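Asks: Sequence:
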Amino acid sequence: MLNLYQQYPQAPQAKQTLKFRLQAWMVNDGQKVVFVTLWSIAMAMVFALAYINYAVSDNFKTMRELFGTAPLSVARASALCLHACASIILFPVCRNVISLLRTTPLNSVIPFDDAIAFHKVTAWTILFFTIVHVGAHVVNYITLAQKMPENGNWAVQWFTNGPGYTGNIMLLSLLAIVGTAIKKVRRRNFEVFWYTHHLFIVFFGFWAFHGAFCLVQPDREPKCANAAAFWKYWVANGVLYLTERVLREWRGRESTIITKVVMHPSNVVEVQIKKPTCRTKAGQYIFLCCPEVSLWQWHPFTLTSAPEEDFISVHIRVVGDFTREFASKLGCDVSSKNPKSSSPDGDINRLLPRLMIDGPFGSASEDVFKYEVAMLFGAGIGVTPFASILKSIWYRMNYPTQSTKLTKVYFFWVCRDYQAFEWFQDLLKAIEDEDVEQYIEIHTYLTGRLKEDQIHNVIQNDEEGFEDAVTGLRAPTHYGRPNLDQIFSGVAHHHPETDVGVFFCGPKPLGRQLHLVSNKYTQPTREGTRFIYNKENF
Numbered sequence: 001m002l003n004l005y006q007q008y009p010q011a012p013q014a015k016q017t018l019k020f021r022l023q024a025w026m027v028n029d030g031q032k033v034v035f036v037t038l039w040s041i042a043m044a045m046v047f048a049l050a051y052i053n054y055a056v057s058d059n060f061k062t063m064r065e066l067f068g069t070a071p072l073s074v075a076r077a078s079a080l081c082l083h084a085c086a087s088i089i090l091f092p093v094c095r096n097v098i099s100l101l102r103t104t105p106l107n108s109v110i111p112f113d114d115a116i117a118f119h120k121v122t123a124w125t126i127l128f129f130t131i132v133h134v135g136a137h138v139v140n141y142i143t144l145a146q147k148m149p150e151n152g153n154w155a156v157q158w159f160t161n162g163p164g165y166t167g168n169i170m171l172l173s174l175l176a177i178v179g180t181a182i183k184k185v186r187r188r189n190f191e192v193f194w195y196t197h198h199l200f201i202v203f204f205g206f207w208a209f210h211g212a213f214c215l216v217q218p219d220r221e222p223k224c225a226n227a228a229a230f231w232k233y234w235v236a237n238g239v240l241y242l243t244e245r246v247l248r249e250w251r252g253r254e255s256t257i258i259t260k261v262v263m264h265p266s267n268v269v270e271v272q273i274k275k276p277t278c279r280t281k282a283g284q285y286i287f288l289c290c291p292e293v294s295l296w297q298w299h300p301f302t303l304t305s306a307p308e309e310d311f312i313s314v315h316i317r318v319v320g321d322f323t324r325e326f327a328s329k330l331g332c333d334v335s336s337k338n339p340k341s342s343s344p345d346g347d348i349n350r351l352l353p354r355l356m357i358d359g360p361f362g363s364a365s366e367d368v369f370k371y372e373v374a375m376l377f378g379a380g381i382g383v384t385p386f387a388s389i390l391k392s393i394w395y396r397m398n399y400p401t402q403s404t405k406l407t408k409v410y411f412f413w414v415c416r417d418y419q420a421f422e423w424f425q426d427l428l429k430a431i432e433d434e435d436v437e438q439y440i441e442i443h444t445y446l447t448g449r450l451k452e453d454q455i456h457n458v459i460q461n462d463e464e465g466f467e468d469a470v471t472g473l474r475a476p477t478h479y480g481r482p483n484l485d486q487i488f489s490g491v492a493h494h495h496p497e498t499d500v501g502v503f504f505c506g507p508k509p510l511g512r513q514l515h516l517v518s519n520k521y522t523q524p525t526r527e528g529t530r531f532i533y534n535k536e537n538f
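Count the sequence shown with UniProt numbering and you get residues 1 to 538, in order.
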């Protein structure tokens, strides 16, 4: 086992110039920053060109005289930006398309693994231009009421005429969607987020004829030919998204059988499933629905089974309403101090619920086999994608059917509760026993405090045998958080001139630290080590 905790010279880091740091930063962040920058520039150009068109075009002289140049141009320019956003907002959540595209050379140019992040960026862009659009039209309605008082004050027109009431319904729907999608609300009550997010049907539905009332009319005929042009922007990604939803329903109704349920410590339930039509790769994830809990809720879970196995499995931590109810339907008592496993053919004669599965879908962890050296960081239940990868590596070592580029894997698992290490204890032991050349290095970290009796037990077992008292592995458990600087400097020392894939699944604070350290120790030269940071996104 290589010593990753020795202090190695960090001369390349000390001599970093601004250019060197920028090059290192571009390795992990450049692709995303360039993409978002281009998106921002595109939106600014669309707004500017539309503003100029409505401000100087001889086809809108009457409207400029009625509303004023600035309010009219701002309202129409922001509307065009909203149409541009509507043309792409659904693409990032078309997971089948994203999974397909990330396997193409385009993945080196477009960060498809950050598709959900781009979906959020587009959503915030929609909210921004909606506020601009609404503000400009409030001014327009006030102006209209002053010049045409016979139609009532601006508030009456705002809530009664076509553009007004359709726009208000759209605004309320959008605010509800955005408000419940905020992380704190979404994590606290996923069901509210999930159902409220489907107000996009109302939002797009009213948008389809919001412009048909032709509030802003050009001077020349046809005066309202393009008033209801929303469908032209939305149709491509809308049809694609609807196809994805139909495909989900079709795949969800394919034969799926639960073959085994295991209740692990720390309220983690393992579900083994057989679905003959499901073909997976290591590191992928699926969406799971249990109709007996909720017919409409689909939740993402990382696969913990390897492609070489004849079943698929997921490990689910019971922390919310859905997972708790699902565990109950599976026959698991999460409050029990002595959890049991169940199986349709076992001692417990229980009718297990029906499952619907959509997927599998590609993820960042799927790319682990593209590197010579990989560093896998899992925190708590975030270890699940790496269980699939480690299993696949184990099968490739013992039953080789295909070559692999990987020559070294460093696996780091950080847990607060020492019982959590029991989730994949058998797998890790098997890897240690079979891996005589130390192809995989296992490093476990326990960050939670031990009770007094647990401390005595650890001391006693450490004195009696060669296995670690906490994990039962030959590799010792480290107490406290991992020293990332020592780890990364050690890997850089042992693997010069190498691209090292850094894969992470877990809480954001640790992810941010890994991201920063990956940039810090990346040496973007031919002789240097480059750490390529990859994070799981659902």
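Don't take each hint at face value.
[As the list claims (entries may be wrong)] Cut-off 20 Å, straight-line C-alpha distance, at most; resulting in silico cross-link-like pairs (PhoX-like, lysine-lysine):
id: 1; residue 1: K32; residue 2: K408
id: 2; residue 1: K183; residue 2: K508
id: 3; residue 1: K370; residue 2: K535
id: 4; residue 1: K520; residue 2: K535
id: 5; residue 1: K184; residue 2: K508
id: 6; residue 1: K405; residue 2: K32
[As the list claims (entries may be wrong)] Label pairs and their computed distance ranges (CB to CB):
id: 7; residue 1: A48; residue 2: R279; range: 12 to 22 Å
id: 8; residue 1: L240; residue 2: E497; range: 35 to 45 Å
id: 9; residue 1: P291; residue 2: V239; range: 19 to 29 Å
id: 10; residue 1: R253; residue 2: F311; range: 17 to 27 Å
id: 11; residue 1: H494; residue 2: H119; range: 30 to 40 Å
id: 12; residue 1: W296; residue 2: L240; range: 48 to 58 Å
id: 13; residue 1: D333; residue 2: Y479; range: 43 to 53 Å
id: 14; residue 1: R279; residue 2: Y165; range: 20 to 30 Å
id: 15; residue 1: G238; residue 2: Y479; range: 28 to 38 Å
id: 16; residue 1: N398; residue 2: V34; range: 53 to 63 Å
id: 17; residue 1: Y165; residue 2: H198; range: 18 to 28 Å
id: 18; residue 1: Q438; residue 2: V239; range: 19 to 29 Å
id: 19; residue 1: L295; residue 2: N153; range: 23 to 33 Å
Because the hints were derived from the structure by calculation, they are not lab data. A quick note: this is a predicted structure, and the numbers were derived from the prediction, not measured. Don't be surprised by glycine CBs; every beta carbon is placed ideally from N, CA and C.
Asks: Run every hint past the structure and note whether it holds.
Replies: Verification of the hints:
1. K32 <-> K408: violated (28 Å)
2. K183 <-> K508: Status holds; Cα separation ~12 Å.
3. K370 <-> K535: Status holds; Cα separation ~15 Å.
4. K520 <-> K535: The hint holds at about 17 Å.
5. K184 <-> K508: holds (13 Å)
6. K405 <-> K32: violated (26 Å)
7. A48 <-> R279: 12 to 22 Å: violated (48 Å)
8. L240 <-> E497: 35 to 45 Å: holds (42 Å)
9. P291 <-> V239: 19 to 29 Å: holds (27 Å)
10. R253 <-> F311: 17 to 27 Å: Given a distance of about 20 Å, which is inside 17 to 27 Å, the answer is holds.
11. H494 <-> H119: 30 to 40 Å: holds (39 Å)
12. W296 <-> L240: 48 to 58 Å: Cβ of W296 to Cβ of L240: about 21 Å, so the range 48 to 58 Å is violated.
13. D333 <-> Y479: 43 to 53 Å: violated (31 Å)
14. R279 <-> Y165: 20 to 30 Å: Roughly 49 Å apart at Cβ, these two residues miss the hinted range, so it is violated.
15. G238 <-> Y479: 28 to 38 Å: violated (53 Å)
16. N398 <-> V34: 53 to 63 Å: violated (43 Å)
17. Y165 <-> H198: 18 to 28 Å: holds (21 Å)
18. Q438 <-> V239: 19 to 29 Å: About 52 Å separates the Cβ atoms of Q438 and V239, which means 19 to 29 Å is violated.
19. L295 <-> N153: 23 to 33 Å: Since L295 and N153 have Cβ atoms about 47 Å apart, the given range 23 to 33 Å is violated.
When each numbered hint is compared with the structure, violations occur for hints 1, 6, 7, 12, 13, 14, 15, 16, 18, 19.
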